[in-house]
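J.: One line per chain: the protein sequences are A, B and C, in this order.
Residue numbers for the first sequence follow our numbering, so the first one is 831 and each next one is one higher.
Residue numbers for the second sequence follow our numbering, so the first one is 2 and each next one is one higher.
Residue numbers for the third sequence follow our numbering, so the first one is 20 and each next one is one higher.
Hints listed in this document are in silico derivations from the structure and should not be mistaken for laboratory results.
Bear in mind the structure is a predicted one, so any value in this text is a computation, not a measurement.
Glycine residues also receive a C-beta, built at the ideal position from the N, C-alpha and C atoms.
One should not assume that every hint holds.
Beta-carbon label-pair distances, calculated as ranges [unchecked claim]:
no.: 1; chain 1: B; residue 1: E76; chain 2: C; residue 2: P546; range: 56 to 62 Å
no.: 2; chain 1: B; residue 1: D26; chain 2: C; residue 2: A637; range: 21 to 27 Å
no.: 3; chain 1: C; residue 1: G738; chain 2: B; residue 2: F37; range: 39 to 45 Å
no.: 4; chain 1: C; residue 1: P546; chain 2: B; residue 2: D111; range: 49 to 55 Å
Which residues of chain C face chain A? A partial, calculated answer using Cβ under 10 Å [stated by the list, open to error]:
no.: 5; residue: R178
no.: 6; residue: A179
no.: 7; residue: R449
no.: 8; residue: T453
no.: 9; residue: Y699
no.: 10; residue: A844
no.: 11; residue: R848
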Amino acid sequence: MMQIACPHCGSRAQQEFMYERTVDSVVPLDAPTDKAMAALFTRTNPRGPDDEIWRHTYGCRAWMVVTRHRVTHEITAVRAVGPEVLP
Amino acid sequence: MTEVAISRLPEAPLHVVEIWSNPQDVAQRFAAAMGFALPAMGLSASNDRLGLMRFEPSVWLAEGDVSGLADILAENGALTEIGGGVVRIRLSGAGWRALLMEAGVFDAEDPNFGPGCTAATLIDHVNVRLHVVAEDVCIAYVPASYSRALLHFWDEAGKTLTA
Amino acid sequence: MTAPRRAAKAATLNFTFDGKAYRAVPGETLAAALLANGVKLVGRSFKYHRPRGIMTAGVEEPNALVTVGEGGRREPNTRATDVFVYDGLVARSQNRWPSLRFDFGSVFGLFSKALPAGFYYKTFFGSAKRWMIYEYFIRKAAGLGNAPTEADPDRFSHRAAFCDVLIVGGGPAGLQAAVEEAEAGKRVILVEQDAILGASLIRDPQTLDAGWVEATAARIRKAGGRILTRTSASGYWEHDLVTLTQLCVEPGQTAENRLAQRLWRVRAGRVILATGSIERPIAFANNDRPGIMLSQAVRTYIRRFGVVPGQRAIIATNNDDAYDTADALIAAGANVVAVLDARETASGRAAHAQAAGMTVHLGAVPKAAKGGRQGVTGLVASVAGATQSWAVDLIAVSGGFTPVVHLHQQAGGTLNWVEEAQAFVPGSSRQNVTTIGGAAKPEAVGVMRPISQPKKSFIDFQNDVTLADVDLAWAEGYRSVEHLKRYTTLGMATDQGKLGNMAALGRLAEQQGVSIPEAGLTTFRPPYTPVSMGLIAGPGAPHGGAHIRRLALYDLHAAKAPIWQPLGYWFRPRAYPQAGETLATAALREARAVRTSVGMTDVSTLAKFEITGPDAAAFLEIICATSVAKLAIGRGRYTFMLREDGLAFDDGTVWRLDENRYLLTSSTGGADRMATHISYVRQYLCPHLRVSAVNVQEHYAGIAIAGPRAKQVVEGLIGQDVPRHMSAIAASIHGLPVHVLAASYSGERAFEVYCSASEAPSIWAACEAAVLAQGGCLYGLEAMEFLRIEKGHLVVGGEIDGRLSPYDLGLEKMLNKAGGFIGAAGLGRPALRGKGRRQLVGLEAIEGNIPEGAMLLSAPNAAPQGHVSAAAFRVLEGGSIALGQLINGFDRHGEEMIAASPTRGQSARVRVTHPHFYDLAGERYRD
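With the rest of the complex left out, here is chain A:
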């Protein structure tokens, strides 16, 4: 039951978030077939920190990239993604 520092809401319980996928698995919209499928199906799965896409689904519903250590769960960075936001 981790705690994640949402860039918009501050620290909140993991239960409010949903993990979506790793950043390296993202298929860019304009990617050709071979690159798209390579991103989708070839993963690194490091035993260490990795960049993951999470959504604060049951909070502010915003998306963010979380750098999390896969073994210790230490979160070293959280960065917001999405449209330009009014402070």
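Since the structure of chain A is already known, use the hints to place chains B and C on it.
T.: Showing chains B and C alone in chain A's frame:
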């Protein structure tokens, strides 16, 4: 410290106000037209006709008279009605904070979460949006399909609240 | 100091143990009350059914496991040392038949040579038939208590809490830390598993002011701190989250408000562990007899409860602390015949005791206890090489102290070895946790090697594991501590090795020829002490937890007593049977009404999204694999959505309500998934688009009116012309605004009326009156299935099951030729064009009725080449039809196959055909 009154409020319109570009310009137009500023994350603001709550970075929920908003948004955003799917539940009394800790994950007991504050969270597996309107009154905005189950949960939990 | 005497007249609580009535003093544990009433025998051991008594005064108790409470409140394996007596408590011993005193199972003790560690594993070798026989008896003999068979009537709460500092342990160190933090303005929570604060101070009062504990607790509360007693910290999780299990009433007790227990999830800024340490027993032959107790436990019974567990005592120790027990016993009027100190030279404390006239033997190690079910009668020991024996009725043992480091290690902390204490203490941690007090500084000990017969020297009392078992595991080649644990089962009982793990580790280290820290430790896992299943289930327990989502029109449906069908988290009407109808006859009547007059159904649960903005169409053409931008205002179309790998995962409709405003509908079951997908695309992939995509699933209710008379019904309701097929208009019914969309799932002319859910009941009522007036009726999901299968319309989860591409589904012509949609790249994979893919087909029965889910075979017992995804009957003409997936199905029309369902014992002969059976030309939609 454990009394809490729970009641369902009458249905009311509720609108999503979303800004997709030039938020600073929209904010200026809004303040000029309405006389108050678009609230920051986790806060609410209002005049005597229109109230806004901010739960999301690009979205405000609007209650009351939204007639001027489409013009203020212009080509930078849009207004969408969602009130039919939302039930408002009013929690009041000294025990409302303790009640929100039951099957919850959010720090409703934090004294900084006070009047004028908003927060979206999960309570008994239901996504609720909270708005503290007075020292001992909090309104919960609950998806209609889950509202009966959550009301039942709160009624039961209210019977066993000890601080 | 004199010990308090237990006053018999203060014993005002009535309780029973194995049917016999006793009395207890308020504040006594069941163990203390039993000892006070002279009850020594409280249980029979797990495997050998040896007679057992109370050994400790804490949660580490391995022997005195009893069942307390009755009916749904019954709790087996409750430690008698960890339940406080209340009036009416009912307790029973376990694992014995016919009685505790004369237990048939004690014959297992006679066969102990055949039942060492690993015997059960060895029964798996050899004849399976013989194993089935052993298994019957092993099952009957195994286990301790019996689980309750009635539902628990109590409430269990789950509560969140936040604090700056969580302090675990209400002894002197914990109390001091808590008051300092609270008075410094921090949000503080202090927890203590006992019913009262004080811990070691209750057993060993210090030279502190009397009432220091109460005064400090009052200061903590005054400063806003929260103190929870009968609350155990059960686990330490990520990011300083600690779970606490709180007993609001004792096991088996009825609470006034029926709240039995509370599970706290506490997020702490930091955690201070003041958890103390647990005393170790000593390994010698028959060291499990009633009357052999941990030395500090003896002091607790005397000083806290005024109960003296024996009159003629001997003390065996390797440290100074046990001398305090000798003092306590003497002060209570008992005779201490000797202190056996394993250390070769006298410590200061030992010398002090000798000078005071106590008999102290140095270099003394116990060998064997004498006695049986009535209790211990004597002890044999080796004193500086020579054997001596004493007649005693109480042996107090102290083999050193094991700091309670469980939470520290769960927090990812390391442990350091302290040689002079022969113990592990907390080292560093990557979480914000520190350990203070006795857990950080255990007592120094002398190293003590067991000299006794290993076969009868118990180290894990609960699972009946002896030193001989540890030696056996080594002899059989098990080297690592992890294997030792699983092979012998030591440390795997409900006490999780609190008393025995260190002794086993010491033995293993000797065999390996390494130091104890080099031999390693097994992992400490939550919970620290057993947790009730009811508490884990929490408030959701009665109906299993997941909330049912309730239809906006629920009351109107319920009034007609429909057959309900679960669909995701919803329940929707499956059919509305009239008097004498079954599901099948009702559904057929409803479907026929739709084909011949008019029917009405609730489609409110569909996923719906309102998409607004100059880039709305462009956004939709990313999500949807069909074109959208070409729609004129007021027009709509069928659409479907692909995953990035090119396979279809959902379908629906899209309508252009206004120049820059669209309504997208998609499947009920995929609603949450589609909402996440839409948000991901909008926020992560296309943050620059000028679009607002709002989930309006619950805002709009939807009513579908379908049939040849639907046009009259709707025109009557809205007072204007209906939209033509695949068009949408804004209208009103009884003054309330509605959207009317001309779309058909059933295959008849149909209209979907969308209104605000808060206005749905009156709109529904108006629609129903109009439908009934035209001779129509309501229809449910079953009829909807008959209608759409006949028409060849797909359902998500059936035909669209995530394994088929748009090519496989026959939707290729609808793909947006401009590309740019999610899944376009995936469609470029050669495999999606290859032979041997499952393709959508229709099936007509030649003989029999086609079972849903049946496999499609070319011949009986041949390998399946596909399956039936949906089966139904032609609504008007009768006759069994189905939709299915078949390998290379497009090329196999006309082929005869078998649709077989072996699990239901049904099959049919079928012919492969086109996947539509009704109105191929779509004439029903036109005037």
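J.: Against this structure, judge whether each hint is valid.
T.: So, going through the hints one by one against the coordinates:
no.: 1; hint: B:E76 to C:P546: 56 to 62 Å; in the structure: 58 Å, holds
no.: 2; hint: B:D26 to C:A637: 21 to 27 Å; in the structure: 23 Å, holds
no.: 3; hint: C:G738 to B:F37: 39 to 45 Å; in the structure: 42 Å, holds
no.: 4; hint: C:P546 to B:D111: 49 to 55 Å; in the structure: 28 Å, violated
no.: 5; hint: R178; in the structure: 13 Å, violated
no.: 6; hint: A179; in the structure: 8 Å, holds
no.: 7; hint: R449; in the structure: 6 Å, holds
no.: 8; hint: T453; in the structure: 19 Å, violated
no.: 9; hint: Y699; in the structure: 6 Å, holds
no.: 10; hint: A844; in the structure: 4 Å, holds
no.: 11; hint: R848; in the structure: 6 Å, holds
Hints 4, 5, 8 from the list above are not met by this structure, while the remaining hints are.
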